[in-house]
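Visitor: Protein chains in written order, with my numbering: chain X, 1 to 585; chain W, 1001 to 1181; chain R, 2001 to 2227.
Incorrect hints may have been included.
[To be verified] Per label pair, the in silico range of CB-to-CB distance:
1. R/Ile2147 / W/Glu1176: 37 to 43 Å
2. X/Gly340 / R/Arg2114: 44 to 50 Å
3. W/Thr1181 / R/Glu2141: 35 to 41 Å
4. W/Arg1155 / R/Lys2130: 39 to 45 Å
5. W/Phe1164 / X/Asn314: 48 to 54 Å
6. X/Glu465 / W/Thr1181: 44 to 50 Å
7. X/Pro457 / W/Arg1174: 49 to 55 Å
Since the hints were derived computationally from the structure, they do not count as laboratory data. Nothing here was measured: the structure is a model prediction, and the numbers come from that model. From the three backbone atoms N, C-alpha and C, an ideal C-beta is built for every residue, glycine too.
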Amino acid sequence: MVRTKPKVGRKARMKQGPVPSLDEFYQGILDPRKKAQQKNKESESRKRKREDRGASVKSKKEKAVFEKAKSDLFDEEEKVEEDKNVATGQDDFYVFGNEEEQFDIDEEELEDDNEMESDEVYDSEDENERGAMFSDDEGDEDLLEAANQQGLANVFKGDSEEEDEAKAEAEGEEDEFVNSDDDFEQGEEEDVEINVDSRVTNVLPSGQEVEAPSNLPPDIHISRTRIQEILNVLDDFNKYGEAGRSRSDYVAQLIADIANYYGYTELLAGKLFELFSPREAIEFFEANEVPRPITIRTNTLKTRRRNLAQALVNRGVNLKPIGNWTKVGLQIFDSQVPIGATPEYLAGHYIIQAASSFLPVIALAPQENERVLDMAAAPGGKTTYISALMKNTGCVFANDANKARTKSLIANIHRLGCTNTVVCNYDAKQFPHVIGGFDRVLLDAPCSGTGVIAKDPSVKTSRNEKDFIDLPFLQKQLLLAAIDSVDANSKSGGYIVYSTCSVTVDENEAVVDYALRKRSDVKLVETGLGFGVPGFTSFRGKEFNQKLSLTRRYYPHTYNVDGFFVAKFKKMKAVEQKPNGASKT
Amino acid sequence: MRPLTEDETKTVFEKLANYIGRNITHLINRPDDPHCFRLQKDRVYYVRESVMRFATSVGRLELMSLGICLGKFTKTGKFRLHITSLEFLAQYARYKIWIKPNGEMSYLYGNNVLKAHVGKMSDDIPEHSGVIVFAMNDIPMGFGVTAKSTADARRLDPTGIVAFRQSDIGEYLREEDTLFT
Amino acid sequence: MAPRKHKKPTRPHPRGQKPMVKAGPASDQTAANALSSHVRPRPTSGKSDGLTRKGRKSHIKTHGPLGNVRVDKRAQAHKKATSTKKEAAKTTKAKVEELRLNTAMKPAGIVHRRGKKGKVFADDKDTLTKVLSVVTARMDEIHATKIERAQQLEAIRDAKRKEIEKREQQKVDRLELKKKEIKHLKRKRQNDAGTKTGKGEAAAQDDDDGSEVARKSGKKRKVRFSV
């Protein structure tokens, strides 16, 4: 049993990606029908033809996959049930059977683990799979078409203006495209033939059309169609672009349509759009419409993941480990009981925490007996994780500028049994002033939240131009404060981790670059995270420090975690830079 | 943040003694890892001395919490244990009551412990003495005070109350707004 | 012991006089000094910022041509009051000054507190242990009394139960006795009835009856068995 199961697990992962997929499978089944209906209204004969062909093939395929995944899950449950009855001690819970050793290892330290993980090409492999997964899941016939074009997109990518990005997105990405090329090889030729005509037609509205709709409610169906058409054109602009129209016209119209269709302000839509290639941008926007899976983190101060999983399964919770990169995370598929009110929850055996917010703590890698500062700690998911990794030794300062939010912070700290914490309520900018000389500092900075739009859709409309000036300003101040709070002479530490749940460059690379320029005694180091897209080293004409490729970005559409950014600094002993260090104080 | 005065210490210890009896010595005598009691605003914290020393850098108004919050002094000068101290005190519990899985949720919603829900209990509990309530898998669930001695509880009918609830971990959800100021 | 208690100031701080002075409608030099320096003292209406409502009201009413008697009285009374207040303020201030000057001297009858000021903290292990021993002693006592009381109660309960049992037994005994008595009485009564009719007769009858009954029963038995 133990031997066969991981195989199935891997298979399932191939289809699902390590982070959940059940939802997506459901969605995959539901969506094609729904969207097909929508399509019919605006049908063109060309599309209808393909729809009939594509939909049947697709939904069959998806159903098969879904069925398989389902049966896997049931298998899983049955097995667990069986084992319970038999009441065997050790290898009963097969899901975790293959990890038993890891549980028993004294968590020697995350860094080691991560090294291992990064060795095992987890990254690129998974990306391939995920490429497939997403084209599967879209379930929309238009996107099937889109997927067929992905090969073209690859070509386009090579010579387009998004060279920077392509550069940044290293080998993994390339693998993906190679792979998808294979996947859709057959469809591609066909498609090109069929699409040639449609691409030449006028996609952009004429001058009158542009002005007319200003007082009418925007029609999202038209936007939807036009998004696809513009994408097709942008795939090979030289070939399909309308004469007399520039590429930027198309892009402007595309952004307007995205803003309209997905409900963003044009400002934000533009900001997010420019991070990706057009096709990837659409994937990103689509992923923002789908909620991320519910994940929990085992509190290793009180229990072990295997025991917790067993206890929760007994309460009728359907769960699975998040992925190879964490040994404490569990992903909840569904539950018969409220997951935030079980006796185990109240007893502090776990905390509900987004998978993405494990990352900065893993990067921080706090050691026992160190002194660590969490500058923006509420509601305490990361603080309690730090505390757990330090096994309640040393001292963790958990600061939050918002007094009301310290309530939940204190509640979580006590519920999870963290006894080495000091909770304070300062403006984090005051920090080296209050107390400095920390071994490690985590700054999970306040941000615009563009990575968590799926969680909080109000971000789509609430952010204005000023936010994208004020927030980076604040973040820069905070990061300098964080750097200054670290003791460069710390024996075991001297690290700063900067993270945000935003994906914009202004709040991430620009801030990190600023700090590198202002503080010559820090340098970027590897985050120790096994996966993630490298940060931008240049963006829209701005050149950043080349070391910024050591930072990591996470997107909802690539890893099915919230959009996130992690950078890790090491503060150097100021030997020759004495005057620099002195000037700080 | 300051140490407790003698009177305050006495009040606190008297309360603690209800639940952990003479085991209070284990809180005081920790030669390898010295801990101390500290008063901040009206709350009493039990905290490692090294952590406490770092916390002295934090201003009185800004310090929100440190170590384990044992409880708070009421305006009338009495001491009230908080659920936050449960985890720590449970290991030293003098009298214990274990409740069956079917009684867990009832207790966590703030109800008293009924005879029908009691899985087992310590032998020689006198009536009206402090107990710590556990689930059958030894997860501490809350504080209570016995309504009947163990002997009397044996004679009780299934709907009779064995222990009155004083505080339970359900308060982490129910009382979040008041419990942590 | 209660941690929230704050020490109250034992005597009014010199600054405490300030609002009182401010409240006065007609400001003189002292009042002006008491006011913040950048406010230029002006006789009446100019001070509108610094004036309280009361002060302004009195001012208007006293000078108003249409002020009726009642208001006028009140205003005058007020004026008087404020003037006395002002005097009081003056004197207190002076007193405070004097007190300040004389801090070195101890007036007779005033006892200064000796020894350590403030709270006695229990922070070191010894103090804590001491407090603990006191507490445990008390708790043990309470506990012991609890147990003792439980035992006492148990003993009482036992005694009561015994008593009740005893009473029950007595009751039963009495009942038995009564039963016996009644039986005995019946027989006696029957005997008495016999004796009343005539002793010899009765005896004969008795014998007859007995023999008769015996005979009858024997007869009956015979009959029954024969049938």
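Visitor: For each hint, tell me whether it holds in the structure or not.
Guide: Here's how the hints hold up against the structure:
1. R/Ile2147 / W/Glu1176: 37 to 43 Å: Roughly 40 Å apart at Cβ, these two residues keep to the hinted range, so it holds.
2. X/Gly340 / R/Arg2114: 44 to 50 Å: About 59 Å separates the Cβ atoms of X/Gly340 and R/Arg2114, which means 44 to 50 Å is violated.
3. W/Thr1181 / R/Glu2141: 35 to 41 Å: With a Cβ separation near 36 Å, W/Thr1181 and R/Glu2141 satisfy 35 to 41 Å, so the hint holds.
4. W/Arg1155 / R/Lys2130: 39 to 45 Å: holds (42 Å)
5. W/Phe1164 / X/Asn314: 48 to 54 Å: violated (29 Å)
6. X/Glu465 / W/Thr1181: 44 to 50 Å: This hint is violated: roughly 38 Å between Cβ atoms.
7. X/Pro457 / W/Arg1174: 49 to 55 Å: violated (29 Å)
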